[in-house]
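K.L.:
Which chain is which? The protein sequence lines are A and B, in order. All residue numbers for the first sequence refer to the numbering used here, where the first residue is 1 and numbers rise by one. All residue numbers for the second sequence refer to the numbering used here, where the first residue is 1 and numbers rise by one.
It should be emphasised that the hints constitute simulated quantities derived from the structure, not laboratory data. A portion of the hints provided could be inaccurate.
Just a few of them, taken from the derived set where beta-carbon distance is under 8 Å, the chain B residues facing chain A [said to hold, decoys possible]:
#, residue
1, Leu70
2, Cys71
3, Pro72
4, Asn96
5, Gln103
6, Val106
7, Ser110
8, Asp113
9, Phe172
10, Val220
11, Asn346
12, Gln352
Computed cross-link-like contacts, SDA-like style, restricted to lysine to any residue with a CA-CA straight-line distance of at most 25 Å [to be verified]:
#, chain 1, residue 1, chain 2, residue 2
13, A, Lys328, B, Thr31
14, A, Lys330, B, Thr184
15, B, Lys330, A, Asp273
16, B, Lys109, A, Leu34
17, B, Lys330, A, Glu108
18, B, Lys109, A, Lys328
19, A, Lys330, B, Pro67
20, A, Lys330, B, Pro21
21, B, Lys330, A, Pro72
22, A, Lys330, B, Glu338
23, B, Lys328, A, Ala57
24, A, Lys328, B, Asp311
25, B, Lys230, A, Glu108
26, A, Lys330, B, Arg204
27, B, Lys330, A, Asp113
28, A, Lys142, B, Ala335
29, B, Lys328, A, His216
30, B, Lys328, A, Ser231
31, B, Lys328, A, Asp113
32, A, Lys330, B, Gln263
33, B, Lys328, A, Tyr333
34, A, Lys330, B, Asp223
35, B, Lys328, A, Glu180
36, A, Lys330, B, Asp113
37, B, Lys109, B, Ala291
38, A, Lys109, B, Ile233
39, B, Lys77, B, Asp113
40, B, Lys80, B, Leu34
The C-beta atom is built at its ideal place from N, Cα and C for all residues, glycine as well.
2 protein chains.
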Amino acid sequence: MRRTVRHLADGREIIYFDSLPDAPERTAEDTRDLPPVAATSEIRRDPLTGEWVGMAAHRQTRTYKPPADLCPLCPSKPGKPSEIPEADYEVVVFENRFPSFSQGVVGEKSTVDEMGLVPTAPGRGRCEVVCFTSNHDGSFAKLTPAQVRSVVDAWADRTAFLSTVDGVEQVFPFENRGEEIGVTLSHPHGQIYGYPFVTPRTERMIDVARAYQAEHGRPVMGDVLAAERKSGIRVIAESEHWTAFVPPAARWPVQVQVVPHRQVADIPSLTDDERDDFAGVYLDVLRRCDALYDRPLPYIAGWHQAPVHRDRDLGWLHLELFSVLRAKDKLKYLAGSESGMAVWINDATPEQIAERLRAAL
Amino acid sequence: MRRTVRHLADGREIIYFDSLPDAPERTAEDTRDLPPVAATSEIRRDPLTGEWVGMAAHRQTRTYKPPADLCPLCPSKPGKPSEIPEADYEVVVFENRFPSFSQGVVGEKSTVDEMGLVPTAPGRGRCEVVCFTSNHDGSFAKLTPAQVRSVVDAWADRTAFLSTVDGVEQVFPFENRGEEIGVTLSHPHGQIYGYPFVTPRTERMIDVARAYQAEHGRPVMGDVLAAERKSGIRVIAESEHWTAFVPPAARWPVQVQVVPHRQVADIPSLTDDERDDFAGVYLDVLRRCDALYDRPLPYIAGWHQAPVHRDRDLGWLHLELFSVLRAKDKLKYLAGSESGMAVWINDATPEQIAERLRAAL
């Protein structure tokens, strides 16, 4: 994998990942006249829940559903410069123009109130965009296994790099797909957030993993994985190194965890074999997802990685994919119970979801 | 307040609340031929997060946007029977026909897997619907203070009753309003969930309150309230017994907490004066919400009450209202960061939100 680091007109980094030996040199210049990136975000800790919240007022003006011929994630064409100066690319990553967190944020740690109830800090971190393919009309599900491998290598590279960025405590590569979850750019792409704190979800899972380890002497995910592989009732796809299953207490109408058989903290820790093997299982899951309602499934898919600086032994890398679609044309809304009290009510059992996904192809 | 308990054709309870001395006797019979209520829900505890999830497969077929002349929450008309047999009502509560939790669920506590990783139990609890007014085209914001007082008394009555229902551990009265959050019935109404467990959100807030109390000897909400009242920068409305403010680490584009000045565990603990006084502050907040974008604001509003059987001394009753609308025609979507990692990124600061709400009227 060849890595070429360049800079966009406003100074943001862009990194080309090329696996093909005959890939051209990435030398194109960004000819646009871009304003500097706004970097004014802050984080505050909620005094009642203890959870950090990000605030990024400059994001109100972010790009909102541009027409396809102005897609900022397609390669540049003569007279139509995009975010990617090259005329083509394989996998490319660049710093988000409307970042929730960025390295350039100035400011000091402080508190919102005189009593110190609400700690606040600059939203210092880094947010990147990952273009999975230059094909505007493609999707992750339509990538070849070799393309998936390139994306995995790009995720690994970015996780390793972001883990060295000052202030970053957790690296979260994810894909939002579909208008139903607010995606404004249809070009196949994902994002990576380098958070300046360990996220509430991960904090919670670490607490559970720590208690389980203390009681049983084993990682909880290892036992969950063993139980799922043994019963098989919720398993969707399996390979030498990975198993994909509907979690036994699924919250979402469609939800799948793709879990490596070996405990690793993050994507960079995966071996070559494990990376190659991931493509088969994940592409199978994605094709079933698109077949489920006979339409492209809107989904969120994200990598659970261990925190950068602590509790790395308690993490067990896995990808979680879920969808808000509970029927071909019906959304699962997050209303009072979910958004107010964090109690999900699922219209389907995990076993039903697994059965439907297995039957979809 | 006169309470009349009757039963619908399928055996569900309906309770009429009448404050007017000349209210007619509530004697109308439900003439419909209704099938028995399905009661098949279960709860499972997620082995990776430790959080309970509800599963209610029978809810797939629930009522979905009926035409207005068939509104099931309007009073019955000759030949058009609704959920409310009477020809009119003031405030009425009845058991939900498509309950997430109900008293009739059979089954035993068990585990999904042989290893005991995923505890499961019948979804035993109770879900009720609260009609705020018989006026189909009304809204909570358009109620009179006297009507609001009747609703508060109904909430208090139901909280006290549901707290005695076998298995109920937390009572959550809430209102979902607006199509944007999936409300299928536009008639002004709310719901009450009697959960068979303490909700994840409340568990988290109790942990934080316990730690704060141990360190400072005071309830955290008391200090937050004092800080907000002193600075005033996020305060929207204030009265003798209540203050409404945008929380200092707000997650949502619109978010307001309405907090009583005295620590009470739940709505039944409010005095007459406190109940009367609530209407003024809350109606003011709601009118500002509807004025904010010059359109009825879709929102979720829910009461944080202490658990029924434990940690009641750590609770501080309050109502939290929030909206997914970040501009007149733009939704805040819960995508990868929010739904995957529980990190909210707000496009506005709490101070901006408060300023807009104060300027709205």
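K.L.:
All the hints need checking, so say for each whether the structure fits it.
P.N.:
Hint by hint, here is what the structure shows:
With 8 Å as the threshold, the beta carbon of Leu70 (chain B) stays out of range of chain A, its nearest partner Cβ sitting at about 20 Å, so the hint is violated. Taken as an interface hint, Cys71 (chain B) does not check out: its beta carbon lies about 19 Å from the nearest beta carbon of chain A, beyond 8 Å. The beta carbon of Pro72 (chain B) is not positioned within 8 Å of any beta carbon in chain A (closest approach about 18 Å), and the interface hint is therefore violated. At about 12 Å, the closest approach between the beta carbon of Asn96 (chain B) and any beta carbon in chain A exceeds 8 Å, and the interface hint on this residue is violated.
The criterion of a C-beta within 8 Å of any C-beta in chain A is not met by Gln103 (chain B), whose closest approach is roughly 17 Å, and the hint is violated. The interface hint given for Val106 (chain B) is broken, as the beta carbon of that residue sits about 16 Å from the closest beta carbon of chain A, more than 8 Å. Hint status for Ser110 (chain B) relative to chain A: violated, with the closest Cβ pair at about 12 Å, above 8 Å. Because the smallest distance between the Cβ of Asp113 (chain B) and any Cβ of chain A comes to about 4 Å, under 8 Å, the interface hint for this residue holds.
At a threshold of 8 Å, the smallest CB-CB gap from Phe172 (chain B) to chain A is about 6 Å, leaving the interface hint in force. Interface hint at Val220 (chain B): satisfied, since its Cβ lies 6 Å from the closest Cβ of chain A, which is below the 8 Å cut-off. Checking Asn346 (chain B) against chain A: minimum C-beta separation of about 5 Å stays under 8 Å; hint holds. The restraint placing Gln352 (chain B) at the interface with chain A holds, with a minimum CB-CB distance near 7 Å, inside the 8 Å limit.
The straight-line distance between the Cα atoms of Lys328 (chain A) and Thr31 (chain B) is roughly 35 Å, outside the 25 Å bound, and the hint therefore fails. About 12 Å separates the Cα atoms of Lys330 (chain A) and Thr184 (chain B), which keeps this hinted pair within 25 Å; it holds. With a C-alpha separation of about 44 Å, the suggested pairing of Lys330 (chain B) with Asp273 (chain A) is violated against the 25 Å cut-off. Proximity of Lys109 (chain B) to Leu34 (chain A) is assessed by CA-CA distance (about 61 Å); at most 25 Å being required, the pair is judged violated.
For the hint pairing Lys330 (chain B) with Glu108 (chain A), the CA-to-CA distance comes to about 32 Å; that exceeds 25 Å, so the pair is violated. Under the criterion of a C-alpha separation no larger than 25 Å, the hint pairing Lys109 (chain B) with Lys328 (chain A) is inconsistent with the structure, at around 34 Å. Under the criterion of a C-alpha separation no larger than 25 Å, the hint pairing Lys330 (chain A) with Pro67 (chain B) is consistent with the structure, at around 18 Å. For the hint linking Lys330 (chain A) to Pro21 (chain B), the alpha-carbon distance of about 45 Å lies beyond 25 Å, and the restraint is violated.
With a C-alpha separation of about 21 Å, the suggested pair Lys330 (chain B) and Pro72 (chain A) falls inside the 25 Å cut-off, and the hint holds. Only pairs whose Cα atoms come within 25 Å are accepted, and Lys330 (chain A) paired with Glu338 (chain B) is accepted, the gap being roughly 21 Å. About 17 Å separates the Cα atoms of Lys328 (chain B) and Ala57 (chain A), which keeps this hinted pair within 25 Å; it holds. Of the pairs offered as hints, the one joining Lys328 (chain A) and Asp311 (chain B) is violated, with about 43 Å between alpha carbons and a cut-off of 25 Å exceeded.
For the suggested pair Lys230 (chain B) and Glu108 (chain A), the alpha carbons sit about 24 Å apart, so the restraint of at most 25 Å is met. Our distance criterion of 25 Å between C-alpha atoms is broken by Lys330 (chain A) and Arg204 (chain B), whose separation comes to about 31 Å. Using a Cα cut-off of 25 Å, the hinted pair Lys330 (chain B) and Asp113 (chain A) is violated, with the two alpha carbons roughly 31 Å apart. Between Lys142 (chain A) and Ala335 (chain B) the alpha-carbon distance is near 22 Å, which keeps this suggested pair within the 25 Å criterion.
Distance hint between Lys328 (chain B) and His216 (chain A) is unfulfilled; the C-alpha atoms sit about 52 Å from each other, more than 25 Å. Taking the CA atoms of Lys328 (chain B) and Ser231 (chain A), the gap is near 49 Å; set against the 25 Å cutoff, the hint is violated. Of the supplied pair hints, the one linking Lys328 (chain B) and Asp113 (chain A) is violated, its CA atoms being roughly 31 Å apart against a limit of 25 Å. Between the alpha carbons of Lys330 (chain A) and Gln263 (chain B) the distance comes to roughly 42 Å, so the proposed pair goes past 25 Å and is violated.
Distance hint between Lys328 (chain B) and Tyr333 (chain A) is fulfilled; the C-alpha atoms sit about 20 Å from each other, no more than 25 Å. Pair hint Lys330 (chain A) plus Asp223 (chain B) does not hold up; C-alpha atoms about 43 Å apart against a cutoff of 25 Å. For the suggested pair Lys328 (chain B) and Glu180 (chain A), the alpha carbons sit about 18 Å apart, so the restraint of at most 25 Å is met. Our distance criterion of 25 Å between C-alpha atoms is broken by Lys330 (chain A) and Asp113 (chain B), whose separation comes to about 31 Å.
Straight-line distance between C-alpha atoms of Lys109 (chain B) and Ala291 (chain B) comes to about 49 Å, which puts the hinted pair past the 25 Å bound. Between the alpha carbons of Lys109 (chain A) and Ile233 (chain B) the distance comes to roughly 20 Å, so the proposed pair stays at or under 25 Å and holds. Straight-line distance between C-alpha atoms of Lys77 (chain B) and Asp113 (chain B) comes to about 51 Å, which puts the hinted pair past the 25 Å bound. Straight-line distance between C-alpha atoms of Lys80 (chain B) and Leu34 (chain B) comes to about 14 Å, which keeps the hinted pair within the 25 Å bound.
Going down the numbered hints, you'll see the structure goes against 1, 2, 3, 4, 5, 6, 7, 13, 15, 16, 17, 18, 20, 24, 26, 27, 29, 30, 31, 32, 34, 36, 37, 39, while the others check out.
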